[in-house]
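Colleague: Using the sequences and the hints, build the whole thing.
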Amino acid sequence: MPRKAGSWRSLFPWRPTRTTKKTRTRASRRLGAIALAVVLLAACTSAPLPKAASDVEEASELALEAVQLLTRVSAYDYALAGTLTGARTHIVSPDRYASVVRDSAVNIQRFTGKALEATLDTAGPIHERLVTLADALVEVSRAADQYADGGDPAIFAEVVDGVARGWDDVLALARLIRPEDPELLATIAHGSSFAVQAKAAPAYGLTVGPFASSAEAQAAADRIGTVERVSSEAPFVVRVGTYADRAAGEAAVTALSVKGFSGLLAEEQRFTFSRSGPAPDDELWSEPESVFDTWGSARRVAVAPDAKWVVTGSDDGTVAVFTGDGVLRSLPRFHAGVAHLTFSDDGAWVMGGGITLVNFILPEGVGIGVPVRLPSPATQILYVPAANYFAAVAAADGEVVIAGRAPDGVPLGGPFPIRKPGNGGALAANGAGEMYFAWSESGATEIDVLNMAGDRQVQGVMRLPGTVSRLVVSRDGAHGAVMTDQGVYRFGPHAPDPSSTLKRIGDPVREIAIDAEGTLYLLTQTKITAFSGSGETLWSSQLVDGRRLVIAARPVVLDGAERLLTFSPSGDVEDLETRGTVQDIAASPDGKRIAVLAEGRRAQIFKLP
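Residue numbers for the sequence shown, in my numbering: 1 to 609.
No lab work stands behind these hints, which were simulated from the structure alone.
Wrong hints could be hidden among the right ones.
Here are the simulated DSS-like cross-link-like pairs (lysine-lysine), alpha carbons at most 30 angstroms apart as the crow flies [stated by the list, open to error]:
| no. | residue 1 | residue 2 |
| --- | --- | --- |
| 1 | Lys308 | Lys259 |
| 2 | Lys308 | Lys527 |
| 3 | Lys527 | Lys503 |
Estimated spans, in silico, between C-beta atoms of each pair [stated by the list, open to error]:
| no. | residue 1 | residue 2 | range |
| --- | --- | --- | --- |
| 4 | Ala247 | Asp545 | 32 to 42 angstroms |
| 5 | Gly443 | Ala495 | 53 to 63 angstroms |
| 6 | Ala266 | Arg333 | 47 to 57 angstroms |
| 7 | Asp152 | Gly535 | 55 to 65 angstroms |
| 8 | Ala251 | Asp572 | 52 to 62 angstroms |
| 9 | Pro421 | Gln457 | 14 to 24 angstroms |
| 10 | Asp346 | Thr272 | 34 to 44 angstroms |
| 11 | Ala248 | Gln525 | 21 to 31 angstroms |
| 12 | Asp161 | Glu57 | 25 to 35 angstroms |
| 13 | Ser276 | Glu58 | 32 to 42 angstroms |
| 14 | Gly460 | Pro182 | 58 to 68 angstroms |
| 15 | Gly413 | Gly86 | 47 to 57 angstroms |
| 16 | Thr226 | Ser276 | 25 to 35 angstroms |
Glycine residues also receive a C-beta, built at the ideal position from the N, C-alpha and C atoms.
Modeller: Laid out in structure tokens, this is it:
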């Protein structure tokens, strides 16, 4: 088969062995006779046949690896196409796309090396299909790399076309593999469903230049006004605009001449992109599902189940209610800054505020019911499932006050408001309507429980040393933990005698949290550690500067000012692709979404696997 110019095989050149004539000695003539005998003997032996097509033993594994490579590129093509068309969700920035495809190029090169090794001594239809597939992937990689360098839509159209051919090639390969691999075929169907279409139409591009330097080009762009882009590398030109017809382009050239510039109008192809098929949620989960600017200088964020609503709170008291893709729906306002925002489990209500707390109905953002007025700013608000109410705690003048409101803001009546002598104050709730609350007095902490879905009576749980700062309980109510200035303790809330289960497991840390399965997480500045329900250490991971810990479908840690990490049940770490300095993090009540507020103005919503 003729060798294709620029194909993947050109990455692995080889040279034929060179020979040199020498004068034969008598000994060499004897060796020549022996060699002749060997040749004659070999002539009587059948030559080994090339391996059968089925002898490409790694074909199934290579096909699966190619599918994984194509799926990743397809998912990010889908996201970039969304960005280029102005979509609000499942999008990535061009810079992020460039980073991903450059990383994919390394993996594609590794794949072609494996393909070369697997096909060297084989022949047949599987061999041919594998070679064709490897060639196609190299072309995709080269085109994607080109687009990453220049951002030319025509090159992105080549990427889209190359990916489509790659899916055809890998499907053709999969159909040859025996026995048939249904899982491989299903994986191909899944990855190829993230479809992007490119459409070309004639257009006219107007440029000015070239200039001697990037600075001169930028100065010209400033004088021109609105431009599409300025070249950062030679030739230094200014792309002024793109026009649908020549008449519009020539009018722009005339307008430039008034400012002293000579423009070059050139006919070219203009590409538009569209996308179809399901969104690649699983492939893009580490990217924001949606990104949008919030209202004013926000400092708090909350997200409803399924990201139906996103609410932010600002220092000036403004509460902004958005849809999940960033459409502003209402702007209620407090007289003071918003320190807390908490959703009900159904996402229909939110409680927010600071020293005064108000319940809002969504999306109208109308305050409803009777506001809660506390003696000092609330230190915590939570929603109590099953019992269906909000609770808030504050402490001032030697008294801890716990207030409660129904979702519509109606006061709950006895035993609320709960008043206890002392200081501190922490709340936790399980999924059965039990609210646990802790407060401290005279160097000791008391923990009580109230079930508003049951007997509505406050009952004592236990007493332990120290001043309380955190209290957590698992959703099923079987596991609990409390942190005081004396250390972190585990206990069994539903044990006949919870105090008999109290066990100190370490010194005070920055944060503690517990998930639905009872796994306890401890966050220090330099480490996060996970403990099983029985107290065994499951895993730990080093950090640079652990600042926040939030429990969603998996634990999420803010490490430093900008890096957000997630951890799998086995402790494997993944970065969420956040952008900017993080002010706040919140999990949706169902644990499927994480809302991130960055730079005081940008909301980023992530859908966790």
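Colleague: Could you say whether the range 34 to 44 angstroms given as a hint is met by the Cβ separation of Asp346 and Thr272?
Modeller: holds, 40 angstroms
Colleague: Holds or violated: 14 to 24 angstroms for the Cβ distance of Pro421 and Gln457?
Modeller: holds, 20 angstroms
Colleague: Verify the CB-CB distance for Ala248 and Gln525 against the hinted window 21 to 31 angstroms.
Modeller: violated, 59 angstroms
Colleague: Measure nothing beyond the straight line between the CA atoms of Lys527 and Lys503; if it is 30 angstroms or shorter, mark the hint as holding.
Modeller: holds, 21 angstroms
Colleague: Do the Cβ positions of Ala266 and Arg333 conform to the proposed distance bound of 47 to 57 angstroms?
Modeller: 53 angstroms Cβ-Cβ, so the 47 to 57 angstroms window holds.
Colleague: Quick check: does the Cβ-Cβ distance between Gly443 and Ala495 fall within 53 to 63 angstroms?
Modeller: violated, 25 angstroms
Colleague: With respect to the beta-carbon atoms only, verify the hint that Ser276 and Glu58 lie 32 to 42 angstroms apart.
Modeller: Since the Cβ atoms of Ser276 and Glu58 sit about 33 angstroms apart, the hinted range of 32 to 42 angstroms holds.
Colleague: Between the beta carbons of Ala251 and Asp572, is the distance compatible with 52 to 62 angstroms?
Modeller: Once the Cβ atoms are compared, 58 angstroms apart, the range 52 to 62 angstroms for Asp572 and Ala251 holds.
Colleague: Falls inside 47 to 57 angstroms, the C-beta gap from Gly413 to Gly86?
Modeller: holds, 51 angstroms
Colleague: Just to be careful, I want the Cα atoms of Lys308 and Lys259 compared with a cutoff of 30 angstroms; is the pair within it?
Modeller: Given pair Lys308, Lys259 is violated - Cα atoms ~50 angstroms apart, limit 30 angstroms.
Colleague: Between the beta carbons of Asp161 and Glu57, is the distance compatible with 25 to 35 angstroms?
Modeller: holds, 32 angstroms
Colleague: If you check the beta carbons of Gly460 and Pro182, does the distance land in 58 to 68 angstroms?
Modeller: The hint (58 to 68 angstroms, Cβ to Cβ) holds, given that Gly460 and Pro182 are roughly 59 angstroms apart.
Of the numbered hints given earlier, the model fails hints 1, 2, 4, 5 and 11; all others are met.
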